[in-house]
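Take these sequences, add in the hints, and give me the full structure.
Which chain is which? The protein sequence lines are A, B and C, in order. All residue numbers for the first sequence refer to the working numbering, where the first residue is 1039 and numbers rise by one. All residue numbers for the second sequence refer to the working numbering, where the first residue is 2 and numbers rise by one. All residue numbers for the third sequence refer to the working numbering, where the first residue is 5 and numbers rise by one.
It is possible that part of the hints are untrue.
Taking beta-carbon pairs under 8 Å as the criterion, some of the chain B residues facing chain A (in silico) [claimed, not checked]:
1. Ser58
2. Gly59
3. Lys161
If you want the footprint, here are the derived chain C segments under chain A, 3+ residues with CB under 8 Å [unchecked claim]:
4. 82-88
5. 91-98
I should point out that these hints are in silico values taken from the structure, not numbers from a laboratory. Cβ coordinates follow ideal geometry from the N, Cα and C atoms, glycine included.
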Amino acid sequence: MKILVTAAGDSLESPVDPRFGRAAHYILIDSRTGEHEVVDNPASTAPQGAGIGAAQRVAELGAEYVLTGHCGPKAFRTLTAAGIKVVVGVEGTVGEAYQRFLEGGLSAAEEADVEGHW
Amino acid sequence: MKELVVISGKGGTGKTSLVAAFAALGAPLVVADCDVDAADLHLVLAPQIRERAPFRSGHEARIRPEACTRCGVCRDDCRFGAIMEYDHGDARAGEVGSAPLPALRIDPWACEGCGVCVEFCPEGAIDFPERTSGEWYVSDTRYGPLVHARLEPAQENSGKLVTLVRKEAGKLADQRGRRLVLIDGSPGVGCPVIASVTGASFVLIVTEPTRSARHDLERVMDLTRHFHLPAGVCINKSDINPQISAEIADYCRAEGRPLLGEIAYDPAVTRAQLAGRSVIEDRPSAAAEQMRGVWGKVCEMLDI
Amino acid sequence: MRIAIASGKGGTGKTTLAVGLALTADRPLQLLDCDVEEPNCHLFLQPAFHDSRGVGIPIPKVDVSRCTVCGRCGEICQYNAIVALRTRPLVFPELCHGCGGCLRVCPEEAITEAVREIGVVERAQCGSIDFAHGRLRVGEALSPPLIRAVLEIAEDGEGITLIDAPPGTACPVVAALRRADCAVLVTEPTPFGQHDLELAVEVVRKLDLPFGVVINRAGSGDDRVQRYCAAESIPILQEIPDDRRVAECYSRGEVPALALPEQTLRYRELFGRIVELAQRSGSAHLGEGRRA
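See below:
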């Protein structure tokens, strides 16, 4: 299973980026191997609809879970349509967030937690 | 680091003059001019530009004339009327079989960057480069660093440039250990203003006692409520219509939003602007004292 | 003749001027409020609208039974308004500009178009003024199509149409100025006023529109705008003196041009000069590189 965490930097020690669509980087972790890769977010500079563009990219990457700070309604709708579960309100470093998730300390959101334009 | 955003809904309420006064009172701090459509703060802050960078957003279509066969497919496909004919003075329909076709070019002000012409041009004669729609700057001022920007005319202010200016200002504050970022917010209730207020520590709404400003005040109040932002109100030129000022005070009370002060109409505000100074730095005036009072209340709200 | 009243930013008195000109004019005319995000002319005119019609833009509608989720629609869309995911396509109508690209690239012809309303155009007769405005729905970001719809009402020929343009220099103001024959730029005699005027001048010059300047609240600042206009050979059509009573009138929702007799005179003078400007430039301007 692949878990994607929004990151302000490019390592497991980087803080979780609270934004989904305009996050600087994505860190994709494979829970079977424990390996991770850093992926750029091409949508972060989109003039509009960054969250949707980003969600599409996340779907292409094959992630099943997204761990982030906040997720707006359009990105949420897109992720959900692609069968991806979203965990919001995630804080700390990317590595810590991933550990908490593995330990079952994080659960998927039922709906977007912020309004659009975030 | 805390962020104070000053917004007004309607233009011309004296928002920028108040921000300039706050900059003088709160220095040293970091200032961000997010009113990128009509940025005026630099006229008082007299910035020395240290860094500048192009702002790119979306794409624009451009026809390569040497590759264009003037077939007109793009003109028929474009829903924004952005394909213009030129150089057709000689074209006379009905003459010999080969009447010259008009040359085509894309009006960059009408092009919305959809890419339909690029996709369907049979000759592949249309380029689709990124659009440079403005420029942003990091400058030094007498109050601390200023991050500001200029949007080219006819460009869409989607909030992306506002987000960029605000983010850079936040970075600077972290680097320099400044506790406050003061933001001159965007007008209106659309995307740019949303981009300038979300997640702010406190929003100060500047209004004036007129029917139209009163109307716009309700819209920005709704906006701050919608995004769960702490906000307060300040009435500028409050003595122009004491009755509406009183109505606004009642309205704030009913909404549970603090009224942080009133500033009377004072020619000193324009006088300071003419001298390129903030009201605080200019000769002592009633407006300066009242702005000082509002600043004190805002600091309490921000807990700084 | 279509005359646009514009300014580099809000709050300079653009609407007061447009309404004042319409109410004091010596002939019947049209007034079109194109500041569709915040239309204010009606607050002063209090019209009884007799005509209202919705304005929409085309948005895609996907026939899911025909869609093979090939993803071509999402690739061409520059606005992230349509995406094709592993299972099905999603449409975000509020982001769509109505370019029609997705419908054209779809190899399965699974996309048709529906209309999404973005606002309304309302029209009323107010005395001798044929008035109309556009009202953008709250939360809508795309105003140019609505502005264009308001401007469709504008008459051709000798009659006068006053256009209250949106403030600023972004795409909405260009949409409003594009169909004008000349422009009147409203400013104030201050550093902010001059700076915003310079931005507006850049726009009207690029659009190749003849224009003149009105200095509002004259006397409240200094002569920098006059000096700028002289240096740039820009005609100053009128100066409206700074007067606290004007601000008080405006605050109550009254029209200073009607309430204060000396204002009425200035507006009539101004109207004459604007008509002259429009006529003088009309012959020179018309017939130049018009849109295909």
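Structure-based check of all given hints:
no. : hint   : result
1   : Ser58  : holds, 4 Å
2   : Gly59  : holds, 4 Å
3   : Lys161 : holds, 6 Å
4   : 82-88  : holds (count 4)
5   : 91-98  : holds (count 4)
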